[in-house]
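So the sequences go chain by chain: A and B. If you're matching positions, the first sequence starts at 1 in the working numbering and goes up one per residue. If you're matching positions, the second sequence starts at 1001 in the working numbering and goes up one per residue.
Keep in mind that the hints were calculated from the coordinates and are not lab data. Be a bit skeptical, because a hint or two may be false.
What the hints assert, rightly or not - Think about it this way: if two alpha-carbon atoms lie no more than 25 Å apart in a straight line, the pair counts; the simulated SDA-like pairs of lysine to any residue are:
| id | chain 1 | residue 1 | chain 2 | residue 2 |
| --- | --- | --- | --- | --- |
| 1 | A | Lys64 | B | Tyr1035 |
| 2 | A | Lys268 | B | Met1025 |
| 3 | A | Lys256 | B | Val1128 |
| 4 | A | Lys52 | A | Met30 |
As the list claims (entries may be wrong) - Here are the computed distance ranges between Cβ atoms for each label pair:
| id | chain 1 | residue 1 | chain 2 | residue 2 | range |
| --- | --- | --- | --- | --- | --- |
| 5 | B | Thr1092 | A | Thr106 | 16 to 22 Å |
| 6 | A | Gln117 | B | Met1029 | 40 to 46 Å |
| 7 | A | Asn186 | B | Thr1092 | 53 to 59 Å |
| 8 | A | Asp265 | B | Leu1050 | 53 to 59 Å |
| 9 | A | Gln191 | B | Lys1061 | 45 to 51 Å |
| 10 | B | Asn1120 | A | Gln68 | 18 to 24 Å |
| 11 | A | His94 | B | Ser1074 | 34 to 40 Å |
| 12 | B | Ile1129 | A | Asn186 | 33 to 39 Å |
| 13 | A | Gln191 | B | Leu1050 | 36 to 42 Å |
Unchecked claim - Far from chain A by the CB rule (all over 10 Å, computed), these chain B residues:
| id | residue |
| --- | --- |
| 14 | Trp1044 |
| 15 | Leu1083 |
| 16 | Val1091 |
| 17 | Thr1099 |
| 18 | Lys1108 |
| 19 | Asn1120 |
Glycine included, every Cβ here is placed at the ideal spot set by N, Cα and C.
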Amino acid sequence: MSTKSFRQQWLFTRTSYYLKQTGLSFIEMMMTIIISMLLISYLSGMYLSAEKNSTMQIALNTIKENSQISSQIFRKVISQAGHIGCTRFTKNFHINNHTDLSFTSTDKMTYYINDNQSSGLTIKNLSIENNVVLKDMRSDSIIYSSSEMSVKTGEVLAISNCKVIDMFIVKDISQLDDGTQKITTNEPLSQRYKKGSEIRKFESYSYYIADTGRSDSHNTSINALYVIDENQSKNELLEGIQHMQVDIDDKKGGVKIVLTFKTYDLEKNWIIYAVSRN
Amino acid sequence: MMKKIPQQGFSYIEILISLVIMSIMLLGMDSMGLYALQEEKNAWLFSVALNQIQNMSEILKKLSDENNLEELISDWNLENSDLLPKGKGTVTGYYPIYTVSIYWGNVKDRKACQQNRLGNNGCLREQVII
């Protein structure tokens, strides 16, 4: 039996190693699998958390933007509630109303409860922009006015000399060659207004929450803030408002509105307190 | 004796080091996402606080002898505690100049809000002139 020297034995083992091994050893493979699995589980966890973070960020940002827009909308419209031009509503002041619409100091802001237990808010006022009476009235129902503000037949207008106001429906309107307009009222007015009197449009806006008919990625229905004007023209203002609660404090002359915003799974309350300047 | 086959591709150690470096980078990205979310939450708290100050300004503008300011502040603070973590506000001064402050989170000195502070714990102060 021939015996090999230690050096020969070592060289043999080493050369065989280089010749035979072409891939990873079992231990190396196991370690690779363990590390890969740890890395994959970490990566997938990170992906899910990043996705959730991103959704939360988008939701929070959307709610933040919408809440600020809603504040601007409500503060503006509530501050104009009961605006009647150059005069102001006082306890004894009333409008000579020739229409079926009600407009008094007590109903300039009203609220109601919808079927979905959400409140609605109605704001009434006369428009900020106005036309001016160009000639003293010679008839109880014909007014010659400037034409800064376009007027249509059937619209509700109010004429004021800063002491008395008459609210009427436009029976007929005709544009004259000199750029002025001749307005015929539905009924004779309480007095013949002088040159310089103001003519404003009656505006009534109802704000309420309703289902948009759309749904989000979680298949949840999306609600939105809607506005409907005196001509029953409906517009969607802001989506993502789930609920609105209105509380009018006549003593303070203000309105407290609690809005509940909902985007994805995030729900936040937002309170708006606004007062009428009129 | 046979020749050694030259090495091709990455060694095991090189791959391990690459994985460690990649993990550190991914951890960094993850923490960046969390930081961005935290900042977004802080921005929300700030906008809620600002809105609550505006609400109090509106209340003060319509304040009359019929209203009890203490009662109004108490109602307002109920809202603050609902909307902000440990939210509380104060109103100081007299007609026509008031100072409205609002605090949230763990603000130690609630009496002094010399500088507006944002974040998880913050305070805002605004002067309201009627």
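Are any of the numbered hints broken by this structure? If so, which, sorted upward? 2, 4, 5, 8, 9, 12, 13, 14, 15
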